[in-house]
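Which chain is which? The protein sequence lines are H and U, in order.
Per this note's numbering, the first sequence starts with residue -12, numbered consecutively.
Per this note's numbering, the second sequence starts with residue 25, numbered consecutively.
Bear in mind the hints are in silico, worked out from the structure with no lab data behind them.
For each residue, glycine too, the CB sits at the ideal point set by N, CA and C.
Keep in mind that the hints are not guaranteed to be accurate.
[To be verified] What the simulated footprint calls covered on chain U by chain H, stretch by stretch (three residues with Cβ under 8 Å from a Cβ of chain H suffice, anywhere in the stretch; the number is not a length): (1) 214 to 224; (2) 240 to 250; (3) 281 to 293.
[To be verified] Looking from chain H toward chain U, a few residues come up when the C-beta cut is under 8 Å (computed): (4) GLU22; (5) ASP23; (6) PRO50; (7) ALA52; (8) THR54; (9) GLY58; (10) GLY78; (11) GLU120; (12) TRP287; (13) LEU293; (14) TYR299.
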Amino acid sequence: MAVAKVTTAVTMVQALNLALRQEMEKDPSVMILGEDVGKNGGVFRVTDGLYDIFGEERVISTPLAETAVAGAAIGLAINGMKPVAEIQFEGFMPPAFDQMFSHAAKMRNRSRGRFTVPMVLRAPYGGGVRALEHHSESPEAYFIHTPGLKVVIPSSPQEAKGLLISAIRDPDPVVFLEPKRLYRAFKEEVPEDEYTIPLGKANVVKEGKEITVLAWGAMLKVSLEAANRLKDTISVEVIDLRTLAPVDEEAIVKSVKKTGRAVIVHEAPKNCGFGAELSSIIMEKAFLSLKAPVKRVAGWDTPIPLPKYEDYYYPNVDRIMKELQRTVAF
Amino acid sequence: MRKVLHNFSIEYLQVLDENGVCDESLKPPLSDDDVKKMYEAMVFARVFDETLLKLQREGRMYTFASLRGQEASQIGPAYALSADDWLVPSYRESGANLLKGTPPEVLYVYFAGDERGNSIPSPVKHLPVAVPVGTQTLHAVGIAWAAKMRGEKSAVLSFCGDGATSKGDFHEALNFAGVYKTPNVFMVINNGWAISLPRSKQTAAETLAQKAIAYGLRGIQVDGNDVFATYSAVKEALEFAYRGVPSVIECVTYRMSDHTTSDDAKKYRDPEEVELWRKRDPIDRLKKYMYAKGIMNKEYEEKVQQNSEKRISEAVKKAEAIQEQEPIDLFKYVYADMPLRLKEQYEELMS
Ligand SMILES: Cc1ncc(C[n+]2csc(CCOP(=O)(O)OP(=O)(O)O)c2C)c(N)n1
Ligand SMILES: [Mg+2]
Chain H
-12 MAVAKVTTAV
-2 TMVQALNLAL
8 RQEMEKDPSV
18 MILGEDVGKN
28 GGVFRVTDGL
38 YDIFGEERVI
48 STPLAETAVA
58 GAAIGLAING
68 MKPVAEIQFE
78 GFMPPAFDQM
88 FSHAAKMRNR
98 SRGRFTVPMV
108 LRAPYGGGVR
118 ALEHHSESPE
128 AYFIHTPGLK
138 VVIPSSPQEA
148 KGLLISAIRD
158 PDPVVFLEPK
168 RLYRAFKEEV
178 PEDEYTIPLG
188 KANVVKEGKE
198 ITVLAWGAML
208 KVSLEAANRL
218 KDTISVEVID
228 LRTLAPVDEE
238 AIVKSVKKTG
248 RAVIVHEAPK
258 NCGFGAELSS
268 IIMEKAFLSL
278 KAPVKRVAGW
288 DTPIPLPKYE
298 DYYYPNVDRI
308 MKELQRTVAF
Chain U
25 MRKVLHNFSI
35 EYLQVLDENG
45 VCDESLKPPL
55 SDDDVKKMYE
65 AMVFARVFDE
75 TLLKLQREGR
85 MYTFASLRGQ
95 EASQIGPAYA
105 LSADDWLVPS
115 YRESGANLLK
125 GTPPEVLYVY
135 FAGDERGNSI
145 PSPVKHLPVA
155 VPVGTQTLHA
165 VGIAWAAKMR
175 GEKSAVLSFC
185 GDGATSKGDF
195 HEALNFAGVY
205 KTPNVFMVIN
215 NGWAISLPRS
225 KQTAAETLAQ
235 KAIAYGLRGI
245 QVDGNDVFAT
255 YSAVKEALEF
265 AYRGVPSVIE
275 CVTYRMSDHT
285 TSDDAKKYRD
295 PEEVELWRKR
305 DPIDRLKKYM
315 YAKGIMNKEY
325 EEKVQQNSEK
335 RISEAVKKAE
345 AIQEQEPIDL
355 FKYVYADMPL
365 RLKEQYEELM
375 S
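Chain H extracted, bound-state conformation:
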């Protein structure tokens, strides 16, 4: 990442907005489509002001139809545009999934490289904001499980900007999930100039010797907090995976070979969550370094509770600390 001189403290929403604006200024084929993304600037205001700058030809509030948003984006991408499609909430991705699963993911392979789909499908993701039903899910595993799709989840404003620019420039379809509880949770110094963070590369956020924590999105901060509270007793290494598909196996294996232990943290339900795959990668590639079973701290295998009870659901600092302690004491 090229570090620019001028930085400003911004929220994740503002960082994403800036990334979109700069890519649109630079590349006339970049366009935005989705529900309420125009004049309204998106329900979370990620596209705020872009309609005024680029007009209704390039920032398009579509009719209410997720299959059409994703499917039309595929066609646009095949024919030379670079659509950044927004799904208003991850809970409404299932109709878009049809198109992503059946076509976005497979077009390059089916056509032996003749047709490609350089699109981004963005959506606010995850819970913790006291939202309605179907507004707090973590569906990353469905997309990760689909060969041909890339999946990216940023963990901070600075990460969000660099990763989104890379996603827009990527030659393949990228599903970009934005943890909505981080949207305005904190500001971070973000370079004003454009910069990229490469897809497929994890980030060692905190170095440690005794145990590795793998996390992404909103769970990164929670995991770091757990690691910090244990700093006098356990030396924890925390890795932000950033890109979940293709995942940075090298970074994971290198870390676990050093620490000998791993805990994976995700908001999504435990059953068939991405933690299962990560655990298998470790088993396959670092088995002889392991001093304890790989553990997962995840959402329960239940639907996400309505707001009054949602805090029961998500992994929190206590649960992560307990698992770290148990694993080190194994």
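Given chain H, put chain U with the ligands in place with the hints provided.
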């Protein structure tokens, strides 16, 4: 050869005009008592709505979708239903749900973020709120299909918005209903907006009612702020439904409030448009008619308002006194029998 195979026309129905003047030739057979009950239900819906908006602002509950302005589009249709007919709402039909028999405290509990608000008390035949737009229209088809297979005389009244008509689900529902001749009445509540998208940008079609034609259904557009028109159209459509002829009824009305309590409509719509629709208020219109007809006086008007306020404030008290759910309740209803894995997860949560 080149010839016309089909021409279509769409009827529009208004019985009570903006000034409360009634076209007696079109007035459905409703007694004065019926009219009063409809009025009372509309006021009750409005007071419920106002109360919840206030409680939301006070932080006593979460996101809420106001129905203000749409009372006639809900109460007329719900009044036409028999206890055996089903109601399949979206998330904005609190007025219809209340009239169908769900107590206000249950609806309030839902918006206060508690699953028990989706537990519609038996034997009330309506489904819980459907948040993913348009998806419920398909359930309405299945329920109607089952009623037909089981030989019940029961139809299904479903609600969705103008935005929902852009979803494949809506079209698939109409198509199934046409093919299987299911007893469905599809209300399309055209309130002018789908969050920030105006109706004119939702579809190039002139009316939403005409979407029925492509699938072999009946389609009609009605003045959605005229409770006599909405009642009459639904009553007629139910008779067709029992005979296996499904219908689409487009109610032209207006969303007077922000989309939900999380939205700010000032960002995208002209306040003058809202003012224009204030003059077409469905409750004022019925009131004018009732005064002219001599079935309303100040005393009655005040009593209806006070009774509604009293019922709602009792409901709020009841709802807020409800005991917290136990953590086990998060795990108990996922399957009929709780798998071992969930039992273990529950124990982990409690440890
Ligand atoms: C499938 C789906 N996509 C997006 C949303 C977010 N959303 C909630 S309501 C709404 C607009 C719905 O408009 P309309 O159907 O006209 O109903 P109204 O809200 O006006 O009653 C949108 C986009 C959703 N709930 N479901
Ligand atoms: Mg609408």
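We went through each hint and held it up to the structure:
{"no.": "1", "hint": "214 to 224", "in the structure": "holds (count 4)"}
{"no.": "2", "hint": "240 to 250", "in the structure": "violated (count 0)"}
{"no.": "3", "hint": "281 to 293", "in the structure": "holds (count 4)"}
{"no.": "4", "hint": "GLU22", "in the structure": "holds (7 Å)"}
{"no.": "5", "hint": "ASP23", "in the structure": "holds (5 Å)"}
{"no.": "6", "hint": "PRO50", "in the structure": "holds (4 Å)"}
{"no.": "7", "hint": "ALA52", "in the structure": "holds (5 Å)"}
{"no.": "8", "hint": "THR54", "in the structure": "holds (6 Å)"}
{"no.": "9", "hint": "GLY58", "in the structure": "violated (10 Å)"}
{"no.": "10", "hint": "GLY78", "in the structure": "holds (7 Å)"}
{"no.": "11", "hint": "GLU120", "in the structure": "holds (5 Å)"}
{"no.": "12", "hint": "TRP287", "in the structure": "holds (5 Å)"}
{"no.": "13", "hint": "LEU293", "in the structure": "holds (5 Å)"}
{"no.": "14", "hint": "TYR299", "in the structure": "holds (6 Å)"}
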